[in-house]
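Line by line, the protein sequences give chains A and B. The opening position of the first sequence corresponds to residue 48 in my numbering, with each subsequent residue numbered one higher. The opening position of the second sequence corresponds to residue 42 in my numbering, with each subsequent residue numbered one higher.
Derived from the structure by calculation, the hints contain no laboratory data. Among the hints, a few may not be true.
Partial pick of chain B residues on the chain A-facing surface, computed with a CB cut under 10 Å [claimed, not checked]:
#1 Asn-84
#2 Ile-117
#3 Lys-294
#4 Gln-361
#5 Gln-470
We treat Cβ as the ideally placed atom computed from N, Cα and C, and that holds for glycine.
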Amino acid sequence: MKKQYAFRVDAEKCIGCFTCAMACKSYYQQVEGVIWRQVYPLKEEIYPHRERAFFSLACNHCEDPACLNVCPVVAYTKREEDGVVVHHQEKCIGCGNCIRSCPYGAPKYNPVEKRAEKCSFCHERLDAGLEPACIMSCPTEALQLVDLAKLNETNEVQFPAGYPKMEKLNPSTRFILPQAPKMVRR
Amino acid sequence: MTRKGNSLSRRGFLRGTALAGAAAMLPCGLLVPNSAEAAEAFNPGDFTTFRNACPRNCYDTCSIKTYVKDGVVQFIEGAQESTFTKGGLCVKGYSYPRKLYSPNRVKYPMVQDGRRSGKWRRVSWDEAMDRIAKKILELKERDDNLLGLGLTKYSGNFGITNYVVEGMMSSLGYTTRFVGTPCWPAGIDAQNYDMGNMWCNDPEDMVKAKYIIVWGANPAWCSVHTMKYIMEAKRRGAKVVVIDPVFTQTAAKGDVFWQPETSSDGALALGMARHILDKGMVDREFVNTYAIGFDEFEDYLRNNVTVEWAAEKSGIPAEQIREVAEEFASADPATIWIGYGLQRHVNGGATVRSIDALVAMTGNVGREGGGARYGHLQTWGFNYHAMIQSPPEGSKGFVGGAAKGEFDFTEADEASYSNRTVNINKTAQEILDSADPAISMLWVSCKNPFAQDFDRPKLEKAFDKLEMVVSVEQFFTETVANSDIVLPVTTLFEEWTVNVSYWHYWLGINEQAVKPLHESKSNLEIAALLSKKMNELSPGSCTFPQEVDTREWLGKEFNKASTTTSASATGPTSRTDRSRRSWHPRQRGMTTSSERPRASTNSSPSSAPRTGTRPCRNTRKGARATTPSACSPRTPSSAFTRSSSIWTG
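Isolated chain B (complex conformation):
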């Protein structure tokens, strides 16, 4: 059935007949069709239900309810207990049972005889680990350090225990890490600089907005669950303006669609700000009480910006800019959703700052139903127990002046050696340029650089320079095709972990619903297995525990659960604090802005993690009521300080 067919007439019969032979067998052997006419009412008691959480790098991070019978996932649905997920997933989420039982999964450890040859041979886990461990030891012997071993990992599985991949590397010694973020750093810096913290309003309060500008975001495709709040606000009378160079699905749902020139968003925002200034619609009480530098910003606008200039830059007529600016300034409250696309340009950070300023000068920062919404990291305060591992005694690494790796939580003076950090956005070039020692072995996990990075021919060339590539995957991706060894990793249904969002404030527990299929293992188990082999071949060469209980390790991510473990060298409190500050490549990455202290203590719930989906109440309430943040205008906003003037086009 094709999407474009759009035929509502008779169809299917002939096609069905033609398919009769080919489709006689289900693609997923374990998924049998449910009867369409079950005589009795559906009884949830016929199933064992489990909580799962969508591991994608997505605003929505859905809570999933999984129905299991006879040890098989029969179907899944959105958890109704989460008011954000509200009983529904998305088209990708609902396909997960078929992913779990797909015949195309990587089922066993396999070795490829010749990259891109497709000549894969099944090997045992023992043999795979033997090859990997021997190569690691060979590099260590040859280079006198492990900097020849590189790790590239990103957001393919956001389950917190998957940070064990970094932990596994640390437990081997000092390695080369691809760090940084291809995603949203300019906007993070902008928001941290303007508001002291990137801390978006709860998307659920958008229903209270009287005016919504969706600026460079397309939630109808990228955050389908937020659309219901925008639509509810609209139903209650809010006006929705969508600004995007493309007429997106979200744009089709707005009241007004602006299609400006690409990367002219900063000019548009400043033009609107100038008009609000001219009309005397600035919230003077707000800027006098909570902002720094507004006078300077005012001067800047008067001297450098006109609505006509903004119209010329953006292609949006001046009278339109005036109209929307006035409506925005007079709505109470009004909010802007700042997408990630508009900061992936020259002046990207300044663009976000210009929009922040627009929200602040109208007094909409820190208000329910208001806010310059970009994202948040407030629910990511885990222990990162799996990630924080110590190198073996006597390990040598990178010396002097190294950029701190995004997962390096050691103090600068604690060790004279560090990991070598290279730019994740230049994967191919960094591999080609690496020397003394060159990167000779690459571990790829939670990432498919051949599908996601640019310049594939160069990437092939770079990979061809590597002596060994190990991919940890569920499917035979293009990156796996460029690997020597592939290790089968579990799907969300087969492991314990926990997931949180960078948008809403719910926390989703991910239970093991079924036993791992085939010979797949979680990243945690893979780390333990590698450690076992390393220590077998060279005792003391890896500090990672050789036996792990994945459920127990999940518990260690919460609160004080990990205080008794040997890995907590720096003490749980300070470590938690530091990991909160810099937990993630997208938070730290290559950013350099000064970090401001955070007021909240711990955003994770203190109860045991197996109780299912629950909101992070501490954060949900605390953010509004007590903490100085973007949600609360108790600290001065620097949205108007000098560097806004970078944007002069």
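With the rest of the complex left out, here is chain A:
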């Protein structure tokens, strides 16, 4: 398998503190309303306690990205060296195809530039040997950078409940499912 960088989202460690989302915002200062990474509480059907388990999600840097496939002007490329899906905003014409096509809602419309944009996996930081801003910020190491080609652990899940199962796209994000404690209530 070729090198494919991915986000490993460990919901067992995630405390839903939103630090990753804010670190992204601090680093890129996206315009108002544009969010690349967001933290989603799991519905109670998935985890029994309201707002006590979370998935932190951004672009999944898919093997076969919908955004790339529908873009009429080749504004998306997938990097050979690590599989990161890059949006080249200077080529984007703002048609919105990617935004409509991505089942994970990763591309966002930038109302100032009138173009799309999305999580870049901080590839300019990766190239400098640094972690993406979100991963570096996580206080519990719940968000990690992994290479799918080297991923050996067996408890990762690709399509947990609540996350759209788009096998054809083959999203790279991997999940560790949250646990619940033994409850002793008064």
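Following the hints, put chain B in place on chain A, whose structure we already have.
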């Protein structure tokens, strides 16, 4: 994007389109979006980096690395050099650049024509200070003292140089101070009484614990950086029990969650202690060697406590109490994190003492990976140079029998006058009740009583009694709305200071990363400006220096840097000693317990403060190795003496 939306399907496009008009301008004019597809690799050399420290009243007191380009803070991150902060801040920390450049900041000194009217007018610093100084002189003339001037300040900015606010007041004369602590005094008294000192283990050693009880604390929300140690301990096989009346985020991360009745924690702890006693699991060697009063405690448990009683009080089944008690007693080492919530009840101090006893009787006090962890003040040994100022000659103040103010470092017999101290937890009532002279003018700094104190209508009524309210703020808070004058104060990026934690053992230097925006000034500069105006209007009416270099004043907080200054009237050594003993409202506050001598000498590093983030090595090592403290069972623990029996529910 709402949190609750939880929609992972297509979204944003329509919303984005709708926003196109409204969001065409960034809220923070100086913060421009970074390119998402920079052609070249990120180069830290493109930025000037500065060290900052989070000034919040928070366990974590993060070390921040600030990236500046073109005189603008571009982004910040957690300092990686601090093993505690470890490269990450929290959601609030990462929002600081937007706070710095927020268009909603108080930008200039402003005067409000009518409280709560919202009719603010910009005035010059000179005019603002003129109004303030004239009012102070008017009060002095009218009352023949300055007790009509009150100061209420708490933990809005924990930078050490911000204790200049108290210093500024002292340099004007004897004033009325709101003292005490709304936070953690019962637990401090309990720990000081039990262990001679409140001195928690380094949170980083929690990874070595084999059993962790997080009791009434919610670090997943209130100390996110400590969670990684708890999780690592868990990964290494430790069991984590979370006790809380609410199913918190921390509780969701534990192995077992106990939800007891509120304020039944003392009963639970005693019930566990009784069971450990019954099972013969007491660490006899520890209690015989290091503890005082264990026999009495044993009698008390046998005569007054049963596991069934604890179960009835707490709602936790007896077999659960037995199970966890046995597991806790047999784990080696085991630790309890005692939160601040459970001591904010009737019997709060006794509750903490009961838990201390549980930790001590299992021999877990003074051990790496063990400990009854509550907090510490061991890294706060600064000079408090900015704070310690002398009143002008001939000042008159409160006479006779005054409670010592928490920032009053003068000896009782040094002056016949003192500040008048009133209870910070009764702000409104104290203002309403004050007489001879009544509090007529209030200075509010590092605090937002209208958001944090109770009984707002009464607070409004109390404020309406005041002739002048001056707020020093960054934003137009509800307290500012109830003020006459607001002075713009700097954010962490715009001033020099130093911050330490009451939990971990790192020290964070806070450098000035950018010049103060608008007309904001640091509390130090405000004090100097007020002094200038006071002396202009009435020479000799304020002793505070009229010119200050904030970086130089930061240096004066360290070690012997301040020995040459005129303010060190009591000599640096003894003063340092005393300030260490009573530096802070939460340390002294309204506490009355006898103070025990401390063994450590100085916990601050001796190097120049501009070298960035560094741990207080003296304390980190010294605490474990040489000093008698809660971390080291070399002195007798009085965890078992009589007053444990206060807790009889």
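Now for the hints, and whether the structure bears them out:
1. Asn-84: Status holds, d = 7 Å.
2. Ile-117: 6 Å, holds
3. Lys-294: 7 Å, holds
4. Gln-361: With a minimum Cβ separation of about 5 Å from chain A (threshold 10 Å), the hint on B:Gln-361 holds.
5. Gln-470: With a minimum Cβ separation of about 35 Å from chain A (threshold 10 Å), the hint on B:Gln-470 is violated.
Comparing the model with each earlier hint shows a violation of hint 5 alone; every other hint is respected.
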